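Dock chain S against chain R, hints included.
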Amino acid sequence: MTLISPKIDHEYIPLSQLREREKAVVQVAELDSSECEALAAMGLHEEATFELCQQGQPCIVQVEATRLGLSREVTERIMVRRCSVCN
Amino acid sequence: MSTPDSQPSAATSILLLGNPNVGKTTLFNRLCGLRSATANFPGSTVEARIGRSSQGIVKRKFTDLPGTYSLHTTDDLAKVCSHALDGVDCDPPDTVVVVADATNLRRNLAIVNEVLHHDIRCVVVLSMADIAQKSGLTIDCEKLGAHLGCSVVRVNARSGAGIDALHSVLDSPYKAAVALPEVGKFKEVNAWANEIIADSVGGKLAVSGGTLTDRLDKVCTHSVLGILVFAAVMIGLFWTIFTLAAVPMDLIDSVFGYLSSMASGVLPEGAVHDFVVDGVIAGIAGTVVFLPQICLLFFLISLLEDTGYLARAAFVMDRVLRRFGLPGQSFVPFLSAHACAIPAIMAARIVPDRRDRLATILVAPFFSCSARLPVYVLLVGVLFANQPFFAGLAFFACYALGAGAAFLTAFIMRRTILPGKSRPMILELPTYKLPSLRTALLNTIDRAWVFLKNAGTVILAIVVVLWWLSAYPKVEPMQDESIDTTSQLSTSYAGQIGQFVSPVFAPLGYDWKLTVGVMTSFAAREVFVSTIAVLVAGSDDVDDETIMEKIAHAKRADGSPIFNVPTSASLLVFFVLAMQCLPTIAVTRRETGSWNWAFLQLGYMTVLAWVCAFITFQIVSGVVA
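Chains as they are written, first to last, in this note's numbering: chain R, 1 to 87; chain S, 1001 to 1625.
Looking at chain S on its own, in the form it has when it is part of the complex:
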């Protein structure tokens, strides 16, 4: 422990701690900008962001931990923050920066007190000081620091005001011995905080009701109006995502198309050419093409979260979700699941209760992700060609079927393997405010990188393996030296496996080609479209209208159409309900800490998809006949 008189060394490894919604991440982004990465805290699924900052010759590492109200509660976050402070399973920090909301000092002093009980140098950063000042509060940082035995700095992370002062105190942080109340004794802690506030704060701290926040809450959490606001926000969100994402998605598609043709022109025909063009480039393109939708979703969610609306939306959804044994917080992962199940499962960390969290993780992949979209487009196009109204209705039905299956599954799980009611909601409702574009952008970049790293690499590896399975063994060229693509696929390892497994899918109306398509899509759903295009049309250019027509009119060995109405409907149901994404299984295993949950999810969803697709095939066959 050092004192102000003992020439302390500069802080180089710093932990950022504080309550949720105090502007900790905004401060982290201001300090580190893009020089940061998200990593799991050792031994846990709790994410910490690690960033670096240079100030003159001093290089500093900042670790931004998730917000917590206390270091001594029994939840995972508190344990991780406490371990990080003590250097358990990680390098111990040399300094801790506690971010405290200046407008809510009494509560924030409780966690400052907890940190001060640890043997580590401390700096208290007062955030929201501008708001405190506007509401008539005056805080004497020197007096406050004298009471706490550490430096106190006022920082406005949005404007950057006070950042230099923070770096300056980080050059010589200290911790002086002061009398502290016992942690957990609320009366003592309150008395201590009151004494400090009385001496160093002028004005009235408490915020009374009757504010704009009150009036907005009356609308946003109202039993009827709240649902209308929620519906309007969600429709706006998805409309924006699907409208705006189309442009960069087309651009990415074109860039990879160009790369593919360039590689084709440069590389001579052969194994290397096929590997690069059909394996690597096609594999990367298949993943990266969904990035705009995922980025937009995270950007908009980050903006919404910053406004304070998401906490209210969680209460609106709580009324619906609780009937199925899920808490209101689950709605945020379910929202993310419409882009991709992987970030959705990771977002389930915000659900505090373990059983609630498991139920959320297990049902999240039922929600229609963007990877299902190309399959929906193909099958709905085949089913309702030139009937836009019915095509739109079928799209809506797919989304509704996925959501219905998720809720029904949660309902069953909470009465069987995960018994019990969902934990009642206790949530801080942050004040409504204008969102920070900078924070949203940095969060989006961070999330996009995590997605590309976690999913892209895995999907790429799987697609390359699938390409190899469908490309080998090679068939002999015909007399004109050309290779029949259909023969190549039927004799390939993938084709052989498909023909071997086809009896399993025959009751659903699928022939061996569709079986291969379904099998390959267990790696990633979007692979189905290109597989089918290659198998039934001899080309993977699905943008070409003639290819779509060829797919629609493709025949089986007996001359009947492959995509008849019952088969197409059955396929659509199968793709809505089946778990066909290996990276999702890997993420489920990581987040639940067990392969058992991951295999249960895979097995349950696959069996449910098969049974429902079978029922659909039988019913539609009966109706059509």
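For reference, chain R alone in the conformation it holds in the complex:
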């Protein structure tokens, strides 16, 4: 298997500004500790890579084989970096 190094943007943006089908890496989640715990346990922790499937209410992201629905309040407080090639 050949590993391709991901190209990750330096600029942080809220998850709510990501476009559909874009991949990104979680930088930081400015949420309550219980919400951060829940997200992390579901696979959306810091430095996790995901793909945005649907923007809006709910915002749907795919983390590996896990599909998560997030309300807008959550996506506005998760800072991410775009990732052009993520494996």
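I should point out that these hints are in silico values taken from the structure, not numbers from a laboratory.
Some hints could be false.
Under 10 Å between C-beta atoms, here's a sample of chain R residues computed to sit facing chain S [what the hints assert, rightly or not]:
{"#": "1", "residue": "P14"}
{"#": "2", "residue": "E30"}
{"#": "3", "residue": "S34"}
{"#": "4", "residue": "L44"}
{"#": "5", "residue": "E46"}
{"#": "6", "residue": "C53"}
{"#": "7", "residue": "G56"}
{"#": "8", "residue": "Q57"}
{"#": "9", "residue": "P58"}
{"#": "10", "residue": "V63"}
{"#": "11", "residue": "E64"}
{"#": "12", "residue": "L68"}
{"#": "13", "residue": "L70"}
{"#": "14", "residue": "S71"}
{"#": "15", "residue": "R72"}
These numbers were taken from a predicted model, which means no experiment stands behind them.
Quick reminder that beta carbons are idealized off the backbone N, C-alpha and C, glycines included.
Below, chain S alone, put in the same frame as chain R:
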């Protein structure tokens, strides 16, 4: 701790653990079938299912805990699962089976890692292995097991494939010492999982977008289409429940009618006869008659949940419910509340935030349950006899008034006693799939049994007490040896209490007979119909058209009709809003852990019902005059 070389003993007390939606309950049902029961985990309101299975001479006890993503988060589920593993407040298990989704191994390995940190023998069951195989994944269970230091078995719980292999490894489960990453260090855990996957899994694990699930989600969670789909699903659900349930409900009614007449024929007239026929049989019938609706509701909810649609519906409802301070997850309890408030309050456990959960529990009984239906039928029938359009409209208004009161109450509570916004939704959206009929059926049987045990026994006890209050003291027989039923009720303890309390309900337009009906219905709403039939018509056979006519034309002491338009409208509003179900109060106390919330619910709903019924009576009296 045992190793593969030390002849370990067979597993007999086994804990089933795993993430939600990995097929844990399907596996439990396959292993135990009907030999299971639901019980609260000690010291909590979290339910665990306990089942038994025999394989040769080995008898095994399986405990199926609710799905959790981690054992180390601060929520109740994680604490209960962690306590169950360590044997806190319960018998410690000798083995734990972690069910892991083969299509989502990296995330599932995180909880496997957490379990492996505990001093207990472990078996990892790979579920969804058939789907993983179809999508091109190959998993080497032996290599995976060597990395984890325990047995790994591939099981398809739906078909039963791999169950024998699971029993076989449960005959000698083991836990070998392996290097594990520190729990909670996501980087380390990921690196560990990546290393294992690279060595034991072939193919690509990640699922990319552009699938059927994506396209269905575009529709099911769309701001307009999503609501239309939701409305269509709900209309279909309720249409099915009310149409299909009518047949078994009539059958149950007939069976109890037959039992009642049989008992009447066998038992001589007297206290024992009255106790058996009017107390025990009538009490059981009053509860069991609603069972078909409740079973159908749970069966359909279970099917819907299995398809993956309910998680999407929660997001659709979140847009509406959040305006009133409730999270989208509350819609599942509210859905159940249309059958019965008791399972609805129990279903509120899925709401993760405590304040959100309390608000959901406190307003759930406002939704019109099936026990209110006989009362609606009686009063709407009296109000709009031979006017089916207006009768239908009145029915809809009752449901709308209940839902409106629930949302308004939640709105007020979130700004007063339960301040704060509802927790934003973070929910896993499972892949759409065909539901399992077997799982739905077993869940329904389980729920039906819980309902009968929790509600049936309590309602039965209350109805028997009410029967005694309305049957004693006995009046003297008339000259022809017959007993005037109305005199009997008016002089009974219930009648005396009703007459004493009647000034409270007089402003709503109720005389002492209606007051007795309202009072008795505080035990269970459906009691109102038979009480009124006995009080005003001298018979409890409400199926008889002449009885309905007698009720409609019954007169007060001054000769005016009991069920005039303002009184009937006021009664209808009172029954929509009042908390008239003692078992619900008991369940609220259990789920909230405090009598304060239960009494607040009772007091608030009763006062609101009285005030709204009073306003209705005054307005309708003004309009009619």
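Can the hint on R/G56 be confirmed by a CB-to-CB distance to chain S that is less than 10 Å? 8 Å, holds
Given R/Q57 was flagged as interface, is its beta-carbon under 10 Å from a beta-carbon of chain S? With a closest approach of 7 Å, the R/Q57 hint holds.
Status of the hint placing R/S34 at chain S (closest C-beta pair under 10 Å): 6 Å, holds
For the restraint on R/R72, tell me whether the closest CB of chain S is nearer than 10 Å. For R/R72, the interface hint holds, since the closest Cβ of chain S sits about 8 Å away, which is under 10 Å.
Does R/P58 hold up as a contact with chain S if the rule is Cβ-Cβ below 10 Å? With Cβ-Cβ at 4 Å, under 10 Å, it holds.
Given R/P14 was flagged as interface, is its beta-carbon under 10 Å from a beta-carbon of chain S? Violated - the Cβ of R/P14 stays beyond 10 Å from chain S, reaching only about 14 Å at its closest.
Can we keep the R/V63 interface hint, with Cβ of chain S closer than 10 Å? Holds: closest Cβ of chain S sits about 8 Å from R/V63, inside 10 Å.
Is the shortest C-beta separation between R/E30 and chain S less than 10 Å? Result: violated, 12 Å to nearest chain S Cβ.
If you take the shortest Cβ to Cβ gap from R/E46 to chain S, is it below 10 Å? Since the shortest Cβ distance to chain S is 7 Å, the answer is holds.
When the least beta-carbon distance from R/L70 to chain S is tested against 10 Å, hint result: Where the cut-off is 10 Å and the nearest Cβ of chain S is about 6 Å from R/L70, the hint holds.
When the nearest CB of chain S is found for R/S71, is that gap smaller than 10 Å? 4 Å, holds
Verify the interface restraint on R/C53: the C-beta must sit less than 10 Å from at least one C-beta of chain S. 5 Å, holds
Of the numbered hints listed earlier, those contradicted by the structure are 1, 2.
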